[in-house]
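There are 2 protein chains.
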Amino acid sequence: MCFFTHQYYRTVQTTRLSIIGLGLIGGSIALAVRRSVKHCKIYGYDKSLLARSRARREKIVDHVASSAGHCASQADLIVIATPLGAARSIFEAIAPDLPDETVVTDVCSTKRSIVDMASALLPNRGRRFVGSHPMFGSERSGIAAADSALVAGCRCILTPTRQTDASAVRMVKAFWRSIGLNPVLMSPGEHDRVLAKASHLPQALATLLMSQQTSASMKVSGKGLFDTTRLAGSNPHLWAEILLDNAEHIAAELRRSAKQTARLADMIRAGDEAGVRRSLQAGRKNRARLESRV
Amino acid sequence: MCFFTHQYYRTVQTTRLSIIGLGLIGGSIALAVRRSVKHCKIYGYDKSLLARSRARREKIVDHVASSAGHCASQADLIVIATPLGAARSIFEAIAPDLPDETVVTDVCSTKRSIVDMASALLPNRGRRFVGSHPMFGSERSGIAAADSALVAGCRCILTPTRQTDASAVRMVKAFWRSIGLNPVLMSPGEHDRVLAKASHLPQALATLLMSQQTSASMKVSGKGLFDTTRLAGSNPHLWAEILLDNAEHIAAELRRSAKQTARLADMIRAGDEAGVRRSLQAGRKNRARLESRV
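Chains as they are written, first to last, in my numbering: chain C, 4 to 297; chain V, 4 to 297.
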């Protein structure tokens, strides 16, 4: 499959894809493109020499560039796959030589701030930038953990605004589809609000639950604790950045969670069996709904 | 392997094992005994006619008894595999005809109250009762979900007291070992305290996290929420019983959890990046310790 159909891109035979940031996400995207997309030449860049060497040695990309600007300047599509904290400097590095037609997307877990940053820093107020959040990943990180199998079948949220070119949205949609992701459209604000609940809250709670454990409790724990806290293995720097970037929504979700946790404690101490059962039943009902979607 | 060695049980060639309660746990134990233990005749009883029929039809046990008392009266070892709420009536049903030498154990997730109940209701103040908590299970329930593969390699906590016969402890230890469980000894109080943190807290938090979700958030959720909330599928009746039976310890853990959740919300709202990162790092550090034990 080639994600540039001649319908919106007549002149290019081989698509030039640039991936800036060759970690778990960028590397997995490169491997998935390798596996599923024909006629696509992948340029890659990472500020880490180790990641660049590995990408070159294992032929994860076709060509390793020496700078972000260089990686971007010849591309039809650029995927910024760095943590959010690096995005500003990447935008600044690629903006001067960015061809007018080049489409830019990203993979960040929060969307409001990066969409704003793109309008401020990219040419034409970021009309060719389409925010993306491909919903795959793992508690691991780095190019060594990259795996094309992580990608297929996952959702990818796209967050175009009224200013975004429709052709850019079509191209980014087609790109994610070409590697097996299912595109869903949403506004940046709506994305950050629902993701606070669906993704950032589980991440924070799994980590707090793990930090509450002791040597004695871990010694007797079973599969329940193990599965419930898998996310606690994630990169704390990356996640501190995400939680702070989406501060308002996440703080609200955490407060809600703290309140209902304290309420359950009260019911348990009061011996309110019906209340405790109702509370557990509400969770089980939602769990059944979640499972029926899978 | 036969778990009755002649060292402590000279006269019986074939061990008579009674399992009262043929649900996920009792059924899995029966299947594991079938697979790993020679010279063991399994008697089973469940108050549900459906469970009894299934156990008979699928030959999960050798003989299905018509009452708990009948199931117990000829046994060398009795495993009470019912929920905690049914334990009192089981003790009352088996006590009158319980042979002096018969050893009784259970599988309940809390131990203080069942150990007390056994001393009050079984002959000789429960000297031949050894509380057990085999640490396997699943969010599913019922004999249809029974699976011998759930059992092997898991821990089994035994909670004898000063009053418990040493020979009974040895027999119960040997029994769990014979089906691949690793026995660990602990006092009933210590068990309930550490399990509140290691097992009951994850159960409660996974369920609350799930109940906080909405249609919109579930629509965009990924593997993170799915894995973190697996336990929310568990039986609410069973778990309400466990949480209330271990009320003091669990309420304390839940309060601690509510406090640290609120504290993280405060740090996020205050933009305290170092504090947020420290909090996430504490969880990651414990997660690494947990993984190194597996």
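Treat the hints as calculated values from the structure; they're not laboratory data. Watch out, some of these pointers could steer you wrong.
To be verified - The calculated lysine-lysine pairs, modelled on DSS-like cross-linking and capped at a C-alpha distance of 27 angstroms, are:
hint: 1; chain 1: C; residue 1: 176; chain 2: V; residue 2: 222
hint: 2; chain 1: V; residue 1: 222; chain 2: C; residue 2: 288
hint: 3; chain 1: V; residue 1: 262; chain 2: C; residue 2: 222
hint: 4; chain 1: C; residue 1: 226; chain 2: V; residue 2: 44
hint: 5; chain 1: V; residue 1: 288; chain 2: C; residue 2: 226
Said to hold, decoys possible - Chain V is nowhere near these chain C residues, computed Cβ spacing over 12 angstroms in every case:
hint: 6; residue: 41
hint: 7; residue: 55
hint: 8; residue: 57
hint: 9; residue: 73
hint: 10; residue: 122
hint: 11; residue: 158
hint: 12; residue: 194
hint: 13; residue: 258
hint: 14; residue: 272
hint: 15; residue: 274
Cβ coordinates follow ideal geometry from the N, Cα and C atoms, glycine included.
Tested hints:
1. C:176 - V:222: 18 angstroms, holds
2. V:222 - C:288: 15 angstroms, holds
3. V:262 - C:222: 24 angstroms, holds
4. C:226 - V:44: Cα-Cα ~30 angstroms, so violated.
5. V:288 - C:226: 18 angstroms, holds
6. 41: Consistent with the label, residue 41 of chain C stays out of reach of chain V, its closest Cβ about 28 angstroms off (over 12 angstroms).
7. 55: Non-interface label on residue 55 of chain C holds, nearest chain V Cβ at 26 angstroms vs cutoff 12 angstroms.
8. 57: Check passes; 23 angstroms lies beyond 12 angstroms.
9. 73: Label holds. Min Cβ-Cβ 32 angstroms, cutoff 12 angstroms.
10. 122: Consistent with the label, residue 122 of chain C stays out of reach of chain V, its closest Cβ about 23 angstroms off (over 12 angstroms).
11. 158: At about 7 angstroms from chain V, residue 158 of chain C fails to clear the 12 angstroms cut-off, so the statement is violated.
12. 194: 8 angstroms, violated
13. 258: Violated: least Cβ distance 5 angstroms, not greater than 12 angstroms.
14. 272: Contrary to the label, residue 272 of chain C does not stay out of reach of chain V, its closest Cβ about 4 angstroms off (not over 12 angstroms).
15. 274: The claim breaks: residue 274 of chain C does not keep its Cβ more than 12 angstroms from every Cβ of chain V (closest is about 6 angstroms).
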